[in-house]
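Trainee: Chain residues, written in single-letter form:
2 protein chains.
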Amino acid sequence: MELKIEIIGFGTVGIGFLEIVNKKIDILKEKFGFIPKIVAISDKIKGTLFDEGGIDLSRLLEIINNGGSLKDYGSGFYDFEKKGALDVIKESNADIMVEMTYTNIETGEPATTHIKTALERGKHIVTSNKGPIALFYKELKQIADKKNLFMGIEGTVLSGTPVFNLIEDTLPPNSINSIKGILNGTTNFILTKMENENMSYEDALKMAQDLGYAEADPTADVEGFDALAKVLILSNVIMGGDLKKDNVERVGITQIKPEDIKEAAEEGYRYKLIGSVEKTSDGKILASVKPMKLPLSDPLSGVSGAMNALTFTTDLLGSVTIQGPGAGKIETGFSIMIDIIRIFKKIRSK
Amino acid sequence: MELKIEIIGFGTVGIGFLEIVNKKIDILKEKFGFIPKIVAISDKIKGTLFDEGGIDLSRLLEIINNGGSLKDYGSGFYDFEKKGALDVIKESNADIMVEMTYTNIETGEPATTHIKTALERGKHIVTSNKGPIALFYKELKQIADKKNLFMGIEGTVLSGTPVFNLIEDTLPPNSINSIKGILNGTTNFILTKMENENMSYEDALKMAQDLGYAEADPTADVEGFDALAKVLILSNVIMGGDLKKDNVERVGITQIKPEDIKEAAEEGYRYKLIGSVEKTSDGKILASVKPMKLPLSDPLSGVSGAMNALTFTTDLLGSVTIQGPGAGKIETGFSIMIDIIRIFKKIRSK
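Residue numbers (numbering that gives the first Met the number 0), protein chains in the order written: chain R, 0 to 349; chain Y, 0 to 349.
To be clear, the hints were calculated from the coordinates, so they are not data collected in a lab.
Keep in mind that a hint or two might mislead.
Any copy, or any two copies together, can satisfy a pair, since identical chains are not distinguished.
[Unchecked claim] Here are the simulated EDC-like pairs of lysine to aspartate or glutamate, each with C-alpha atoms no more than 20 Å apart in a straight line: (1) K22 - D314; (2) K289 - E108; (3) K36 - D209; (4) K345 - D168; (5) K145 - E29; (6) K344 - D168; (7) K345 - E29; (8) K192 - E266; (9) K28 - D314; (10) K3 - E194; (11) K261 - E80; (12) K45 - D168; (13) K256 - E201; (14) K30 - D168; (15) K30 - D314; (16) K28 - E167; (17) K345 - E167.
Throw the hints in and build the complete structure from the sequences for me.
Mentor: Pasting the structure below:
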């Protein structure tokens, strides 16, 4: 069976995803019984490639590896003004729309409109974009449910490291009572450097920027906005909350001093930027992002460098912690692939 | 839909499983669409309860909580000599046979015969028994595949903490290149006590015995035999190996001295009993159980007390570590439940 896929937003992760499709096509065919066919790629800057017969991935990846872009593919290329993302979503015959435009945590756009339009056209969606899920999950899920469509969002938290799929497939019928995690690799890298190498916050940040972990303007990471978006997603998707940004306490790491870290270490503790969600006894959802001193026996205290991790506290299994990459071209590309595999399984079993 | 279940071997975990069924019956019905019905329980010491109309769990659990046993249930009770495990497996109308007799890592019996008999009668199987899977996985899987039956083995490694289900549902199409883990809670408890509280091996072992973590004869744990069985399962089930016990290097923790641990700590390392499986470049599977000095940055080095953990090294996602309980009445009982849910999903999607 063929599964027709359109890609909206084509940055590093999009290329990573195509590389995975190209590398694993035989396994997908033999083990899972489907062939992914990319019928469109649309990116505001790079333009639109539209070929319902299926884009030749080997050729496109070779072009990209040689420094080229969508335009150099030739036939099927359109300027974005001629055929934009919404045109593609409305016109193409794709079964699945993959949304990978940049996250906008203020408006959720243009991703939210892309997702709504795709759902209205009867397309399943897969996304690594935090904006629409952090801001409008309930609304989007309602549309999807009504139309019997699936939304894959594994890549929105901890990149391809299993979170939502872990909970859906491996933990029922556990109740999840709380979630606590290291959700941002940049800040965890900075804190690790400050503790292990006695660096100042400024030096550790500079190093993170030099290594490409942190942006020139690091606000989204160091002030906890990126972790906040993920906490909102965990609250609303897993814990059944309906929180907005202002319902979540948010403190970044900029006020932590090497002395604080040293003092904590002497007491047997370690500072981590912790995103936390818990259900109170009266059913309320409380969420926060803030630096916390963890005892060294806490599994999260051992998470070093740019790694991410989440601890789920459950009623049957106690605490389960998953640790893995929180970002990366192939790592996030994989999150798209696993969600497509799962959508295929669900379609087939209907 | 009703799912008829028979339980062979009824110790602590069996009771834990029944408690979960009883507690979660509404969720199973509403969320997953099936009702588990226990039609038989057979235990060499406790006897056999056989009621194809379905055993009344609330009543049985109340009897057990008040110190009673299967016999006190009344109607449907047979002495094991009159109606034993094999009789039940042959006679009952169960869809699923749950094998929870004690692990025998030398012969795999009587569990292997139970499983074969159940498969031959067209029953799916779920087990937390390491013996048959460590020793005869290939053979049993072949029978199951031929008859289109499922084998749930989540509980054989890390109790209900997701391992096999994690790999099957959340990691494809990753290749797993190696697995490394803390597979035995008793030895990890002893090593943690030796490091954190400067205990001798003997004192830490005594404490583990007093707390019920270690048996009076601790050989299976401290000499690495329990971890070895789990390494065999990981090798043969996940990595496609066909290893026997003698193919696996095995060293226990009895030779580790407090000085070794102290010296390692000073160098920034920590001793852990590590089970390891890796695929070499020429496709061979190498496996071992032995104490290893891990750097503190290794996620496994932060696993303390009786917790277990596994790190999978994959081609797309890099390293992913799952940490959770490795034993326990409800924790292992849950492993049976999640496998039954998964079998139900598979039956339904056929």
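Trainee: Among the hints numbered above, which are violated by the structure, and what are their numbers in rising order?
Mentor: 2, 3, 10, 11 and 12
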